[in-house]
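K.L.:
Start from the sequences and build out the full structure, keeping to the hints where you can.
Taken in order, these protein sequences are the chains called A and B. So the first sequence is numbered by numbering that gives the first Met the number 0: it starts at 0 and just counts up by one. So the second sequence is numbered by numbering that gives the first Met the number 0: it starts at 0 and just counts up by one.
Hints were generated in silico from the structure; no laboratory data involved. Heads up, a few of these hints could be off.
All copies of an identical chain are treated as equivalent in the list; a pair is satisfied when it fits inside any one copy or across any two copies.
[What the hints assert, rightly or not] Pairs of lysine to aspartate or glutamate residues, derived as EDC-like cross-links and limited to a Cα-Cα distance of at most 16 Å, are as follows: (1) 102 to 376; (2) 419 to 379; (3) 174 to 161; (4) 169 to 236; (5) 419 to 376; (6) 111 to 98; (7) 337 to 314; (8) 111 to 376; (9) 226 to 74; (10) 37 to 79; (11) 102 to 352; (12) 181 to 124.
These numbers come from a predicted model, not from an experiment.
There are 2 protein chains.
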Amino acid sequence: MNLKKEIIEIARQAKIASRALCSLKSKAKNAALKQMAKNLIKSKSFILKANEKDLRKAKKSGLKVSFVDRLKLNEKRIIDMADSVASVARLEDPVGIMERLTKRPNGLLIGKVRVPIGVICVIYESRPNVTADCIGLCLKSGNSVILRGGSEAMNSNIAIFDVLNRAAAKMNLPKNAINMVKTPDRKAVDALLGAEGLIDVIIPRGGESLIREVTRKSRIPVIKHYKGVCHVYVDEDADLNMAESIAFNAKVQRPGVCNAMETLLVHRDVAVRFLPSLAKKLIDAGVQLRGCALTKRILRNRTIKKAKESDWPKEYLELILSVKVVNNLKEAIDHISKYGTSHSDAIVTENHERAMEFLEKVDSSSVYVNASTRFTDGYEFGKGAEIGISTDKLHARGPMGLEELTTYKYVIFGNGQIRK
Amino acid sequence: MNLKKEIIEIARQAKIASRALCSLKSKAKNAALKQMAKNLIKSKSFILKANEKDLRKAKKSGLKVSFVDRLKLNEKRIIDMADSVASVARLEDPVGIMERLTKRPNGLLIGKVRVPIGVICVIYESRPNVTADCIGLCLKSGNSVILRGGSEAMNSNIAIFDVLNRAAAKMNLPKNAINMVKTPDRKAVDALLGAEGLIDVIIPRGGESLIREVTRKSRIPVIKHYKGVCHVYVDEDADLNMAESIAFNAKVQRPGVCNAMETLLVHRDVAVRFLPSLAKKLIDAGVQLRGCALTKRILRNRTIKKAKESDWPKEYLELILSVKVVNNLKEAIDHISKYGTSHSDAIVTENHERAMEFLEKVDSSSVYVNASTRFTDGYEFGKGAEIGISTDKLHARGPMGLEELTTYKYVIFGNGQIRK
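P.N.:
Now the structure itself:
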């Protein structure tokens, strides 16, 4: 009960801070961001020491190597973190931009203006640089932020937060503009999810189970993606060299991320020419293939497993790939509709009409023609950084940057108009 | 259990229809809308007969006169309904509009394109014209729609739906593009709220208790407003004639709606000059005033009640007005932050700086300078019609028209780009 009260008090103070933040000048926000970047560099050894504690604990409890790697900080990673915060200072401030101003017949001027959302709560796992990224993006977009990192990175997160918070105080940011819940008690998360009316949006980042739990329990709107089952479709009129390069990149360049390809779809007219060479490359790179019956027949390779029905909706996040030969574009689109997760899907084709049909009918947040799905990322989209990726339908889709951390309001200028 | 299955099947069919609707040409949608308008006119007597049944039932069960009035249809109201549907045909189609196209250093072209949301479910009470409005707006914005009207208007709603559905079939709209749940069983609502993954958004329209129930139970995102506690603040530099005209209009012109004023805030330096004349007019118009201590002292009118703490957050929806004298702009903004509902709030002032401060700091969906709050309405904002008003923070705020019934996706044009 005490913890719940404590969390509600944090949220209440964050709400008060958000009222001051919404009218803070870009100049003040940018100065604070630059100071934060500076402090990160100055406090490298302080942060690394805290990170050491988390690493020791992680190794003791036998966590996976890939997990420990994501947790690990070093000089270079701290410099990158500082660069990232400093780069947010250089991005355009979305707050106050008037997107539209219309004049009504009665003389009313109705403007649609970008405003901060209010209080953003980010619940995340492992990578400590998320702490700095979220603080930077929320501050620049005029929102106050409440962070709740995973217990496995608690020491690192607290160290980074404290460094940034000292910069915030030095630059006279509104008190409680940035906040961190520093207890590993999981009841803290429940309390955050119940702070309706104080917290405006919850952004969970982490594994699917975390995100499902947050979504199920929250009374506050959640922006999220569960997983990314991304497809590349190689059309009958594809440039097959390009298709090979894209498919290889989408699977192999970084298989553990949500925008990596999990299923390759190939038009049957090019399957015999296309699949053998790509399959060899993939297998050489350590990829395990799971193919449909036709794929297996074409490749005649014993190491290729038969894809089961349960493989099509799978997000492998490792060097495994489902492969299916389809009869036409419609079958490819239907497959993506059925098994995809509205994340990122690509077509490789030189045929304009089918390219446009794919763009129109595939209902994903990011739909590609002739490029790798790996580009779905705030930085790659020109947003500077991202606070997450959304596969929801409302508010924000795809990579979310500063603009997606704002909403709008209508401002109406009159000179005495009354309703008749 | 059978009912639940039935509802899920409706949602599933609506989802399939939405895939065809999203690429339907504007011309086809407009032709269908015009046919719908025509059919409404042709079927006037059919609709009126059904409405008669609802009216008889309503009178028998002793429903309020204002309620019966909203339920009642006549020739004029059906013609208005048809006009409204026809007017949606003339609005710009938001689907396919590319809001932004950026070129990245690697040559990728990244476009942000408006697309339909998918399947919209509207749960509403009483007024039967909502049936036609929602169908028109959802169709034009490329969404399929599932309607669930109140049992009190069931016969009228079904009649209107059937008329429009015949037009849809005649014009070869995708099957199940428009849908109505025709049972009064309240379990149908629960089934709709659980159709996650099939229905993309729920829009409840009606009394606060309906909206609270829907929000509490739904696993699908809900866009809503609970209530409108709207304020008019009369600044010390207000044109007092204008202020009187705006305050009178905002309270009296149509007190039963969400954008009517419920609380008047007056700067103490003008209260003595401003309040007596306005109070007289309001009282003559049948308004009951509830004032703060200072208001009562200024007005010296025994009919004026003392405003209690519980009056400030009240949405009267009738001829009652809370009145408070404040010391300055900050106090007015703080009052609105504390008791307002983020709907519509206005300042009356000739002082530019305070006008801008009010616009910036009042966190409502629609913030006015020198105009009546009564203008918060899709038609008045130039949206042609509205599917509802949102006081939420995400996706849509204020009056929601065609654009707010769409979302966006990113379309990325490459020529072989891979991630390095």
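K.L.:
When the structure is checked against the list of hints, which entries are broken? Sort them ascending.
P.N.:
4, 9 and 11
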